[in-house]
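A.B. asks: Read top to bottom, the protein sequences are chains A and B. If you're matching positions, the first sequence starts at 1 in this note's numbering and goes up one per residue. If you're matching positions, the second sequence starts at 482 in this note's numbering and goes up one per residue.
Simulated from the structure, these hints should not be mistaken for laboratory data. Do not rely on the hints blindly, as some may be mistaken.
Label pairs and their in silico Cβ distance ranges [stated by the list, open to error]: (1) B:Ala767 / A:Glu463: 33 to 39 Å; (2) B:Asp1078 / A:Thr11: 43 to 49 Å; (3) A:Glu464 / B:Ser789: 30 to 36 Å.
To be clear about the criterion: a stretch of chain B counts as covered by chain A if any three or more of its residues have a C-beta under 8 Å from a C-beta of chain A, and this derived list gives those stretches [said to hold, decoys possible]: (4) 484-495; (5) 614-621; (6) 676-690.
Ideal placement from N, C-alpha and C gives every residue a C-beta, glycine not left out.
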Amino acid sequence: MKTDTIAAIATAMSDSGIGIIRVSGDDAVMIVDKIYRNSDQKRILTKYATHTIHYGFIIEEEDESVIDEVMVTVMKAPRSYTTEDTVEINCHGGILMMRKILDTVLKAGARIAEPGEFTKRAFLNGRIDLSRAEAVMDLIQARNEFALQSSVKQLKGSVSDKIKSLREDILYEIAFIESALDDPEHISLDGYHDRLSEKTEYIMRELNGLLDSADDGRILKEGINTVIVGKPNAGKSSLLNILVGEEKAIVTDIAGTTRDTLEEVISIGGITLNIVDTAGIRSTEDIVEKIGVDRAKKISESADLILYVVDSSLPLDENDYEIMKMIRNKNAIILLNKSDLDEVVGEDAIRNLIEETGSAVSENINKNINENMNINISMIRTSTKTDSGMEDLINTVKEMFFHGKLSYNDQIYITNMRHKEAIRDARDSMLQVEKSLEMDMPEDFYSIDLMSAYASLGSIIGEEVGDDLVNEIFSRFCMGK
Amino acid sequence: MSEMFNGSFIQDRVDVCVVGAGHAGCEAALACARLGLKTVIFTVSVDSIALMPCNPNIGGTSKGHLVREIDALGGEMGKNIDKTFIQSKMLNKSKGPAVHSLRAQADKAEYSRAMRKVLEDQENLTIKQAEVCKILTKNYSCYSNKESIASKKITGVMTFTGAVYECKSVILCTGTYLKARCLCGEAITYTGPNGLQAADHLTESLESLGIEMRRFKTGTPARMDGSTIDYSKMEEQFGDDKIVPFSFSTNPENVQIDQVSCWLTYTNEKTHDIIRSNLDRSPIYAGIIEGTGPRYCPSIEDKVVKFSDKERHQVFIEPEGVHTNEMYVGGMSSSLPEDVQLAMYRTVPGLEHCKIVRNAYAIEYDCIDPRQLYPTLEFKDIKGLFSGGQFNGSSGYEEAAAQGLIAGINAALTILGKQPVVLDRSQAYIGVLIDDLVTKENLEPYRMMTSRAEYRLLLRQDNADLRLREISYEVGLVSEEIYHKTLQKKKMIEDEICRLKSTVIGAAKENQDFLEKHESALLKTGTNLAELMCRPELTYEILAEIDPKRKPLPEDVIEQVEIEVKYEGYIERQMRQVEQYKKMERKRIPADLDYNDISSLRLEARQKLICYKPVSVGQASRISGVSPADISVLLVYLEHYQRT
C-alpha cells in the first residue's frame, strides 16, 4: 500500500547554525529530487546509494534559482527512523531559511506532517519497541492538542473572521447546488453558472490575499503571550490600562469585577506583547467568575510571560500559594503593587512563599532577584495608582527578551506553515471549480471541489464539516413534498 | 379494547420471522426465502402488504439510486414498480450523470397487489396475519479470546393469540405501527396509517430486552376526489417520452406505456393567512406532538412559518392509481383540524371546490436509535435480532426496502454460517444509508440525499449492476446467467474505452473539417478519440463520423463508455479518495477491545467508543467527538494489541 509523503522541520526552530528538514514516505526521494541539484547542477538524487550524504543546492522549482547550499542524506526503506524512504536536508539554520525550504518541499508534493506523525509511523512500522506504545500515544495526543490550541489561538482575529466568512459563502453555494439537485422541482439552477463564476472569482481573490499575507507571517499574532494574574482587586486591570493607555478593563473597588479575560496587543521598546488580563484568582463559588478563573489558569499554562500582581497592603493567603504554584518554572515578574500604601507584604514574604511552593528556581532566587536576568522570576515594586515602577517593569521585560529568556513562541512558525498549506489546498480546490465552470461541467461537479475548499479552510480554525451541509440546506431552502 | 391471550402454544418451527410486511419486511422475507430458509412474514393486515400510505411514487433523487441498487442486489422493488407504474421521469437530466434519478408514479393498489402475489408465489415463505407481541430470547455465553460474555440470543416470537413461532432469527420491520397515534387537529386516533390497527404490545417486550426506544413523527397530505378538481387552472406535468425501467432485468420495450399526468398548482397569501391564523390549533405548534419530524418533508404549516418570505409554495396533484379518482396533494401535508384543512386547500387554484376523501394527518410512532445496531443491521446485544426501515429511524419506502434487503440477506447468511454483507460508503448509497444510521446521531427520520454520498460520481444509478451484481451473485440472490451478462457488459465497456484511447486521430484535413463543423478547436498535433470525447461539444455519437472502425454496441454499454471517458479526471480523483478511505475501513476493531486500557484517549472519545462499539477504525473516525488525534492513538494501540 502506498503511503503519502510527509515533511517537517526536525531541529529546533531557532537561529542555530544548522537546521534539518526531514521528508519521509514512498515518494520522499522523488520529491526532494525535484528541488535538489548537485554541484554540477544535475538532478541525480534518485541514483544515490542509501545512507550516503551529498553536497548540493536546494532550488526554486520554477526558475531554478538557488535557495540554500545544503547537505542531503538519503536513507532508503527500511533502514530509517520511520522505516520508510527518508531524505534529510541539512541546511543553514535560521527560522526563515528552514521555513522556506520546508515550503519548497511541500510545493514539490509532500504534505506537512501531523504532530507526532514521524513517531507514529515509526511505531506502526515496527521500528519502536512495543513497550513504548503508551509513551507514543501520549506524545501524539499531547502534540495534537498543543497544535490545535496554538493554531486557533495564534490566528489573528481579522483573519479568522475572514476565513469564517469565506466558509459561510462557500457553504451557502454548496447548499444551494445540493438542494437543487435533491429537489429539482422546487429549486432551479437557471443562471447559476454566472453567479457562481463571480463568487468563485471573489473567493479566489480573497484566498490569494491570505496566501500572500501567510508568506510574511501576517496572518498570525506574533508577540510574547503575556498573562496578568493575581488575586481580585490587586490592580491587574489598572496595570493593563496603564500599559495600554486607555480605560479598557472595568476597574472598580469591588473584588471580582473582571469576569472574563481581556486581550490587548501592546508594544514596549519594540517588543510586542499579547497581553491578557484575567479574572482574579481565588476560590470562588460564583459560577460566572469560576469560568473566568479556570480560563485564567489555562491561559497561564501556555503563557510565555506571567505578570503576577500582589497587593502589598494585604497579607498573603492560600490564593497566593495557588498562584505561586502556577507560575513556578515559568518566566514571571512579581509586582508588589500598591506601594503607595503601607507595606504588609515585603520581598522577604514573597521569597518565603516561593520556597514554600518548592519552585524549581528557589535555590538561587535570593541572590538573583533584581540583579540579573539569568533566572525566571524577578520582583518589582509598583503602584498602579501613581504609575511608579512602570519604567522598571518595561526595562525588566526588555532585558529578559534581549537576554534570550523570552522569545516568540516557536510553534507559531509551524502553525503558519500549516495554515498556509490549508489555504493553498482551498485555493487549488477553487481553481478546480473555476476549471469546471470554464468547461461548462454540470453543477454537481462544482460542489465536490467547493466541499474540499470548505473542509480545508475549516482545518485552520479547528472546525470539522460534520452535518454543516445538511443543516444549511434545511435552514436556507424550502425543500420537499 | 382487546385482550391478549395469556397462555401460549407452539405453532411452528421456522428459520426466520419477519415482523411487518411493508417495503422493508417484503424485501427481508423474500431474501430469506430465496436463500432457502423457512420464513414467516407477519402483518396486522394482509391487505396492507407493501402499502404506500404516503406519496404515490417510487424513486426520486437519490432514492432512485437506492431502487437500482436493491435491484442489482436481487431485491424486488424495481421489478414491482416496473409492473405497476403509471408515469415515469428521469430527474436532473440536465445535470451530471451522478445525479440523474429515476422516479415513477405508482398505481398504489396495483403495487400492493403485485407485491402480495410475489410473496404468495415465493417458495419457503408463509404470510400470517397476526400482531407479534413478544420477542423470545435465551441467555447464552459467547467466548471471546479474553473472557466469556453473557448475551442474548433469539429463540422465537409470540403473537397476540399466544401462538409461538420458534426461529433462529427475527427481523423487525414495524414501520410506523408501534404505539402509533394519528393526529388531525384536536382529534387523535390510536391507529397506524390509514386507520390500520396499531401494534401496541411489542414496544414493552423490546424494552425489556434492553432496547432503547424513541419517538418520531411524520405526516401526509389530504387525498382529494379528482372529480372535484379543476385541472384547467393547473399546469400539466407529463412523463418522459422514452421510459427507462428501474430494473436491470426489465426489457425497456415492455415499459413504453400510455402515461397519466400529474398537475402543478401553487399556494398563495390567502392559504398562508388561513394557516397562520389557525396555528394554535395545530398539534405540533400547540405542543401535543412530542415526536421529532423530518425537516425535508415539512408540513405546509412549517413551510409557511419557516419561510415566511416565500409568497407561494408548489403543490403537485398526483393520481393515486388508474382505478380511483383519489388524488394526492403533494407539498401540503398537515396536521391542522379538518375544517381548517378544507378552507386552506380551497384557496389553491383548481381546488376551490375540492372534496377531501381522506384528511391529512400527522403520525407518531416508536422506533430505535439505530446506533444499537452493527452495520449488518443485527442488534449488538441480541444475537439473531435484525431490523430495517422506519423502525430504524429512517423515512421513505426506498430507504426501508434497502435496509430490509440487507437485514434479510444478513439474517440468512448468519444462519447459513456465511460471512454477512456490509456495503461501504464507496460501494453504494445503501452503504452510505446504513453507515450513517448506525454511526451518526440522527435527530429526525433519516432520508437519503445525494449530498450525503461523498463518492457519488462512482455511485451512479446507471452502474448499480456493475457495482453490486457480483456481491448478490456470491450471496446467491442473482443467477449465474445474469451474473455472466454483467461480466460481459463490463468487458465490452473496458474494451471499447481501450480502443478509443488507442485510436489515433491525426491533424489530417478531414478531421479538422469535422472539428470545425462541430465548433471544436482544431488539432495542432495528433490525439486519440478518448481525448476528443472529453470535449464538452463532442459525444460518442458525433465522433462516429471519424471512427469508421466502430462496432455496434448495446446502448447501456455506450452510456458507460461515454461517462467513464468524459469524466475520467473527476472519477479518478474520487477513486484515489476511496483508496484512502478504504485503508481505515479495513482496520477492524476487535469486539472485546477495552477502551479503558487506552489512557491517552480523551474522555469524550473513550465514552463514545465504549458506547457505540465501532467495527472499524474508519467507522470510529466518523463518530462525532472522536478527533483525528484519538484515531492516531487508536491505531497505535491496535498495532500494540495485535503484536502482543
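A.B. asks: So which hints don't hold here, by number, going up?
C.D. replies: 2, 4, 5 and 6
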